[in-house]
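Chain order of the listed sequences is A and B.
According to this note's numbering, the first sequence is numbered sequentially starting from 1.
According to this note's numbering, the second sequence is numbered sequentially starting from 1001.
Derived from the structure by calculation, the hints contain no laboratory data.
Computed from a predicted model, the values in this text were never measured in an experiment.
Quick reminder that beta carbons are idealized off the backbone N, C-alpha and C, glycines included.
The following label-pair restraints were derived from C-beta to C-beta distances: (1) 1101(B) with 84(A): 50 to 56 Å; (2) 294(A) with 1166(B): 24 to 30 Å; (3) 96(A) with 1124(B): 46 to 52 Å; (4) 15(A) with 1039(B): 34 to 40 Å; (5) 1254(B) with 16(A): 22 to 28 Å; (6) 84(A) with 1055(B): 53 to 59 Å; (7) 173(A) with 1101(B): 56 to 62 Å.
Here are some of the chain A residues that sit facing chain B, going by a computed Cβ distance under 7 Å: (8) 4; (9) 10; (10) 66; (11) 67; (12) 112; (13) 235; (14) 242; (15) 249; (16) 291; (17) 297; (18) 300; (19) 302.
Derived list of chain B stretches under chain A, where covered just means 3 residues or more per stretch with a C-beta under 8 Å from a C-beta of chain A: (20) 1091-1098; (21) 1151-1161; (22) 1227-1239.
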Amino acid sequence: MSIYLPIAEMSVDVFLILLMGGGVGFLSGLFGVGGGFLMTPLLIFIGISPAVAVATEANQIVAASVSGVLAHTRRRNVDFKMGIVLTIGGFAGSSVGVVLFTFLREIGQVDLLVRLCYVVFLGIVGSLMLFESGRAILRRQSGTASRGKLHQHTWFHGLPFKMRFRRSRLYISALLPIGIGFFVGILAAIMGVGGGFLMVPAMIYLLGMPTSVVVGTSLFQIIFVTANVTFLQAVNNQTVDIVLALLLLTGAVIGAQLGTKASGKLRGEELRGLLALMVLGVCAKIGIELVAKPDDVYSINEIDGFGL
Amino acid sequence: MISLRSSFPWLRMPLFALAVFAILQIPADAARDNALVVDLSDDLIGISTGFTGANVLLFGATDGEGDVIVLVRSPDSRVVVRRKSRVAGIWINTDELTFDDAPGFYQVAASGPVADILPARLLEANQIGVDNIVFKPHEFLSPSEEQVFREALVRNKQRSGLYGESVGDVSIQGGRLFRTRLELPANVPTGEYTVTVLLVDNREVVSRSTRQLSVRKVGIEAKVTEFAFEQSLWYGILAVLIALIAGWFAGFVFRKV
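Whole structure, please, built from the sequences with the hints as guidance.
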């Protein structure tokens, strides 16, 4: 059964979209990530223009994060104060990101920027995760557990505007989470992702937050960042396809529930290792596309009227 | 309402006579001006939720022997053609040329190879064939460069099924009746299309007739697009609200799982 997407201006198979939503939803439930970094490239792969894919995926992530946050709130795993501070930076960052996106779209470099961001950031995060989980697996097998300090004290602990974050057991400068929120916000807007795969490591390694509150708090701020991206993309570029977003989230919601159940069957470090491999896989695929000679070095883009 | 003619039947006769007189007045070289009668099975293609492309039957009659050429053309739009080249190992858009008036959709159908039906001069004058579409470049480039970008535009359009020459698709029965099927793919641009039918005899265009074909979104597709473009502020707010509610609902439904 096919359906014509009004904003993407193309006809797609409903079951294909539901399946994509379900598959990515399953993985996001399994690994506790948003899945935007998988879904946006998939949407582009089936022929949806990058501008519509990025904006619509932001809209879908709003829904996914809300249901995620509800689950984490019930387990008291959300540091709302930290979430709000991150959101302040995230709002500003994602607004800058949308403006940058619109500008690059006009000069024809948006594809390049999106792809470069994917390669660079997925490459870094994937490698770090793979390394870390590999070490954890080896450590478990050798049976020695080492304990380190809660976090290292560095120059950014000397910054002004210190705030106390009770649930995270931190007393740090508000500038740090605002800065992180800002940076991740820019990338979320450009890449069409929630940014959890960057936010979570930043919270653990840069802010020193306890891992129990990291995912819930990250999801909490992702709601606001992706809502901001959705709104700004709709106003500036008219690229949010509500019909596509609804189809994706229907599949994603069901997939995520199944994924969450399945995640109980695997160890944490094994999950992280698998996720790292997947992240690196997407990174490699996009990287190859950047380096390989395209079939036709010429491409066209409509300027006037609807569509792109 | 009662018309003048029906209340005064005698008025009809002079009008009829006048019409006959007018026909007789047509000069000899344009004598086949009404030699072509054309119609379409639909004059509106509605893009609705289930749209996967459309098919319009074009049919008509001629007053005698001749070949038929059909041109389908959507409104023009500005198109930018970009060229990638390798910079530091990766492929980047480095050059571009904008054309101001490229039709979004362009198809030719004819009762035979167009090159055999009309001389090149007339094919060019009537913009018949993808190589004869007139594109006005927005920037100045050398003629050879311009030609390369022109060809790239046509090639990209052909690849997405929007430009084409389905030669030999017009069938003629008994030398008088002709018909062809105009195929519109699912990715057709919207707008008021012009369908031009040319009757060719002896390598000359002897008659021409045009029909309008409207391609537009209808129903919910039209509503969503209109809303997104004309009330984009509210559309953005609604998109966020729908996502918030859907997410909350999903969290609520699955809270026990």
